[in-house]
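Keeping their order, the protein sequence lines are chains A and B.
Residue numbers are given in our numbering: position 382 of the first sequence equals residue 382, and the series is strictly consecutive.
Residue numbers are given in our numbering: position 39 of the second sequence equals residue 39, and the series is strictly consecutive.
No lab work stands behind these hints: they were computed from the structure.
Bear in mind the structure is a predicted one, so any value in this text is a computation, not a measurement.
Among the hints, erroneous ones may be present.
List of simulated lysine to any residue pairs, SDA-like, C-alpha gap at most 20 Å [stated by the list, open to error]:
hint : chain 1 : residue 1 : chain 2 : residue 2
1    : A       : K261      : B       : I309
2    : B       : K113      : B       : S40
3    : A       : K195      : A       : Y241
4    : B       : K10       : A       : L3
5    : A       : K261      : B       : L256
6    : B       : K10       : A       : Q307
7    : B       : K264      : A       : I398
8    : B       : K264      : A       : M395
9    : B       : K10       : A       : N311
10   : B       : K264      : A       : I390
11   : B       : K267      : A       : G397
12   : A       : K261      : B       : R378
13   : A       : K393      : B       : E60
14   : B       : K113      : B       : P231
15   : A       : K393      : B       : D285
16   : B       : K264      : B       : G338
17   : A       : K393      : B       : Y262
18   : B       : K267      : B       : R282
19   : A       : K393      : B       : R280
20   : A       : K261      : B       : G376
21   : B       : K10       : A       : G87
22   : A       : K393      : B       : K264
23   : A       : K261      : B       : L375
24   : B       : K113      : B       : E60
25   : A       : K393      : B       : L256
26   : B       : K267      : A       : I398
27   : A       : K143      : A       : D265
28   : A       : K255      : A       : Q13
29   : B       : K10       : A       : T308
30   : B       : K267      : A       : G87
31   : A       : K29       : A       : A254
32   : A       : K22       : A       : G87
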Amino acid sequence: MDLSFNVEERAFQDEVRGFIAKNLTEEMKRATALTPSVFSDPDIGMAWQRALHRQGWGAPGWPVEYGGPNWTPAQRWIFETECARAGVPNVNVMGVKMVGPVIIGFGSPEQKNLYLPRILSGEDYWCQGYSEPGSGSDLSSLKTRAVRDGDDYIINGTKIWTTHAHHANRMFALVRTSDGPRQQDGISFILIDMKTPGITTRPILTIGGDHEVNQVFFDDVRVPVANRVGEEGKGWTYGKYLLEFERGAGIASAKLREGLKAIADLACSDLTGRAIDSPDIATRISEVEVDIDALEMTELRVLSALQTGQNPGAVSSILKLRNSEIRQAVTRLGADVIGHDALAVEPMRPLYKLNHEPATPEEMLTVMPEYLNGRAYTIFGGTSEIQRDIIAKMMLGI
Amino acid sequence: MDLNLSDEQKLLRGSVERFVAESYDADHRRRIANDPLGFSPLVWKQFADLGWLALPLPEEFGGLGGGAVEIGILMEAFGRGLVSEPYVATVVLGAALIARCGTTKQKQASLPKIADGSLKLALAHSERAARFDLAKVTTSATKTSQGWRLAGSKIAVLDGHAADEIIVSAHIHDHRGPSGRIGLFLVQATTPGLVINDYPRLGGGRACNIELFDAHLPEDALLGDGSDALPAIEWAVDRAMAALGAEAVGIMQTLLDTTLEYTKIRKQFGRPLSANQVIRHRLADMAMQVDEARSMALRAALKVDAAPIERARAASGAKAKIGKCARFVGEQSIQLHGGMGVTEELEVGAYFKRLVAFDTLFGGSAHHYARHAELGRRA
Numbered sequence: 001m002d003l004s005f006n007v008e009e010r011a012f013q014d015e016v017r018g019f020i021a022k023n024l025t026e027e028m029k030r031a032t033a034l035t036p037s038v039f040s041d042p043d044i045g046m047a048w049q050r051a052l053h054r055q056g057w058g059a060p061g062w063p064v065e066y067g068g069p070n071w072t073p074a075q076r077w078i079f080e081t082e083c084a085r086a087g088v089p090n091v092n093v094m095g096v097k098m099v100g101p102v103i104i105g106f107g108s109p110e111q112k113n114l115y116l117p118r119i120l121s122g123e124d125y126w127c128q129g130y131s132e133p134g135s136g137s138d139l140s141s142l143k144t145r146a147v148r149d150g151d152d153y154i155i156n157g158t159k160i161w162t163t164h165a166h167h168a169n170r171m172f173a174l175v176r177t178s179d180g181p182r183q184q185d186g187i188s189f190i191l192i193d194m195k196t197p198g199i200t201t202r203p204i205l206t207i208g209g210d211h212e213v214n215q216v217f218f219d220d221v222r223v224p225v226a227n228r229v230g231e232e233g234k235g236w237t238y239g240k241y242l243l244e245f246e247r248g249a250g251i252a253s254a255k256l257r258e259g260l261k262a263i264a265d266l267a268c269s270d271l272t273g274r275a276i277d278s279p280d281i282a283t284r285i286s287e288v289e290v291d292i293d294a295l296e297m298t299e300l301r302v303l304s305a306l307q308t309g310q311n312p313g314a315v316s317s318i319l320k321l322r323n324s325e326i327r328q329a330v331t332r333l334g335a336d337v338i339g340h341d342a343l344a345v346e347p348m349r350p351l352y353k354l355n356h357e358p359a360t361p362e363e364m365l366t367v368m369p370e371y372l373n374g375r376a377y378t379i380f381g382g383t384s385e386i387q388r389d390i391i392a393k394m395m396l397g398i
Numbered sequence: 001m002d003l004n005l006s007d008e009q010k011l012l013r014g015s016v017e018r019f020v021a022e023s024y025d026a027d028h029r030r031r032i033a034n035d036p037l038g039f040s041p042l043v044w045k046q047f048a049d050l051g052w053l054a055l056p057l058p059e060e061f062g063g064l065g066g067g068a069v070e071i072g073i074l075m076e077a078f079g080r081g082l083v084s085e086p087y088v089a090t091v092v093l094g095a096a097l098i099a100r101c102g103t104t105k106q107k108q109a110s111l112p113k114i115a116d117g118s119l120k121l122a123l124a125h126s127e128r129a130a131r132f133d134l135a136k137v138t139t140s141a142t143k144t145s146q147g148w149r150l151a152g153s154k155i156a157v158l159d160g161h162a163a164d165e166i167i168v169s170a171h172i173h174d175h176r177g178p179s180g181r182i183g184l185f186l187v188q189a190t191t192p193g194l195v196i197n198d199y200p201r202l203g204g205g206r207a208c209n210i211e212l213f214d215a216h217l218p219e220d221a222l223l224g225d226g227s228d229a230l231p232a233i234e235w236a237v238d239r240a241m242a243a244l245g246a247e248a249v250g251i252m253q254t255l256l257d258t259t260l261e262y263t264k265i266r267k268q269f270g271r272p273l274s275a276n277q278v279i280r281h282r283l284a285d286m287a288m289q290v291d292e293a294r295s296m297a298l299r300a301a302l303k304v305d306a307a308p309i310e311r312a313r314a315a316s317g318a319k320a321k322i323g324k325c326a327r328f329v330g331e332q333s334i335q336l337h338g339g340m341g342v343t344e345e346l347e348v349g350a351y352f353k354r355l356v357a358f359d360t361l362f363g364g365s366a367h368h369y370a371r372h373a374e375l376g377r378r379a
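Isolated chain A (complex conformation) (with noise of 0.2 Å):
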């Protein structure tokens, strides 16, 4: 056992920090600090992607035969940590990590054609249509309905908590082709370009003033059939498939740590009247750092295991339930930290790109806006309570 890395690792580790520092600007830099929800504007998030993709590393879990890297899990982690490390842009995730992995998996090859490159390249966004008004926990009882009608469906419905919807210029999305015996049955897995006339969307402010997800409606949506992945009815099945991706991607610690490590420093800056000089201030960041610990080496098991071929199983829900509730923690921490500066409220959007002087330091913009945005780490990709069932469910057989 060994928790260092050896020399190729850590000549990997050079060429990322190498690669870094050539591509990502100050101003990549300076608005990734400054973004309180969970992704970055695409303007700075595609830039990004084309820097990645001209090195090769566009979609780094990807199989290398669609343009992945080949990398092994502990490159994977040096690649990302180097990357939380330096505070580069999220990418499109829906992409690359959602829609791509089930294209690859169960596209037809006109799909992967079409659509794997403009991922890689940043040339498309995508949009996740999951959830419905009626649809959050109990996905599957899903009701925006897709009507066979000659090469088409025509879709109705409407679904919610579309993140970047009014940016993305593509959308996935489950819709229900037939009502089976199971609330799961009869579900497809659809391609929606989201210029399609028909398709509006509205958006709606999360409590920290950040316009990051909408409310999608489709009135009578015309979409090709050639659009749907895999077979008609199947698509419960690669959305779990993706849902399992979104969740595992596990590795999350290397930015819970910088996350932590913003708050210590203020904690540490007059800007707080030194709060770390509170005792319950800083037993509060030992707290949180030690299950940062745990987490990460909770991730490096899982990763070693992943290297001799072994599979996670239900460890997923774990790392998803943890990465969550110390991310609120360290942003619970951070309002805590920054004292009477947690009343001031900045309704400007992007911050990046204020045009006047705050009322508050620039280090704490973004401080009381992650606290209230966080309250839905908890809540997407499955609810804490229903990450406690898949392990009580998978781990423990009840």
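Given chain A, put chain B in place with the hints provided.
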């Protein structure tokens, strides 16, 4: 980077798990709980024969040169059976301090005997007034013409009653008065002036408080060259906390397994307890905390030879986190067993008590989060 067990480590795990499952059942535990020694000399002999006592000792002194990961493998399995042999006192604390601080002669005298099972040790360091502060020692060792004179009191000496030699920490007073250095002294159990008051330890095994009434020791009782032993004591206690953390993981895993089985069998309102979501979620939380504890014990083991602050932060972080998880898993195991969980008729309580002892020993979660924070400022 690789956290998979090697083939040798897998073999070790297999053999210790088999030993504990076959030889260390509830009857055995009951018998030794009522025994004044608190463990079985026969089992100790078997530990020696299996090479577990020699496991972490240096090879040039009859050891096998194993590390903290191997100790963790042993300790986790020991936890599953609530093993009460003085392994931590003799091997993890005692032998490690002799191997680190002792002169070649002292190592030659002790380490091979530890390996073959003929020498048992204990560390007497904690004092009542010091609480959990390892740097606070009032016991004194005064240089005399023949050797040393020790005076003071120590508490919570693990397995001191069974030790052939007790390693006692004391402030060194030489010809010029207090030196500001802490020394470690090898005190034979039969030394006049050494009084041992032993008691059954919470969760199994025994511990003792000791008094030193001007106990006279020979010159070579001082371990090593008399340089300050505090860094070595901190190092040894950090290693012991990593080892005890692994033991706690084994205990928690057994409690989780037992509780899970019980909730499947126990029926109320016409269905198994495990059919209730509130119970399933509780068990999911317990499973998650066992897993986090396992990660932290492994982390502490992998960092025992890191630079002092990094090592100490890993050990304190693990101690604090595992202690917190242990309390949760232990208390919830009792809760889910209902009234029977509070009785001596089930073993749940015995496992729980060992976890409480773990959380308390060398300082609880609050102490170690504070130490972690303090060390972070120095880093």
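Hints, one by one, checked against the model:
1. A:K261 - B:I309: 18 Å, holds
2. B:K113 - B:S40: Holds, at roughly 18 Å.
3. A:K195 - A:Y241: 27 Å, violated
4. B:K10 - A:L3: 18 Å, holds
5. A:K261 - B:L256: 34 Å, violated
6. B:K10 - A:Q307: Roughly 17 Å separates the two Cα atoms, so the pair holds.
7. B:K264 - A:I398: Within the cut-off at roughly 8 Å; holds.
8. B:K264 - A:M395: 14 Å, holds
9. B:K10 - A:N311: Holds, at roughly 19 Å.
10. B:K264 - A:I390: 17 Å, holds
11. B:K267 - A:G397: Distance of about 17 Å is within 20 Å: holds.
12. A:K261 - B:R378: Measuring from Cα to Cα gives roughly 16 Å; hence the hint holds.
13. A:K393 - B:E60: Not satisfied, since the Cα-Cα distance of roughly 51 Å exceeds 20 Å.
14. B:K113 - B:P231: Violated. B:K113 to B:P231 sits at ~26 Å, over the 20 Å cutoff.
15. A:K393 - B:D285: Roughly 13 Å between the alpha carbons, so the hint for A:K393 and B:D285 holds.
16. B:K264 - B:G338: The hint holds at about 14 Å.
17. A:K393 - B:Y262: 16 Å, holds
18. B:K267 - B:R282: 17 Å, holds
19. A:K393 - B:R280: With a Cα-Cα distance of about 8 Å, the restraint between A:K393 and B:R280 holds, given a limit of 20 Å.
20. A:K261 - B:G376: Roughly 12 Å separates the two Cα atoms, so the pair holds.
21. B:K10 - A:G87: 40 Å, violated
22. A:K393 - B:K264: Within the cut-off at roughly 13 Å; holds.
23. A:K261 - B:L375: 16 Å, holds
24. B:K113 - B:E60: 13 Å, holds
25. A:K393 - B:L256: Cα-Cα ~15 Å, so holds.
26. B:K267 - A:I398: Given that 20 Å is the threshold and the Cα spacing comes to 14 Å, the pair holds.
27. A:K143 - A:D265: 48 Å, violated
28. A:K255 - A:Q13: This hinted pair holds, its Cα atoms lying about 17 Å apart.
29. B:K10 - A:T308: It holds: about 15 Å lies between the C-alpha atoms, which stays within 20 Å.
30. B:K267 - A:G87: Violated - the C-alpha atoms of A:G87 and B:K267 are around 53 Å apart, more than 20 Å.
31. A:K29 - A:A254: 16 Å, holds
32. A:K22 - A:G87: Holds, at roughly 14 Å.
Checked against the numbered hints given earlier, the structure breaks hints 3, 5, 13, 14, 21, 27 and 30 and satisfies all the rest.
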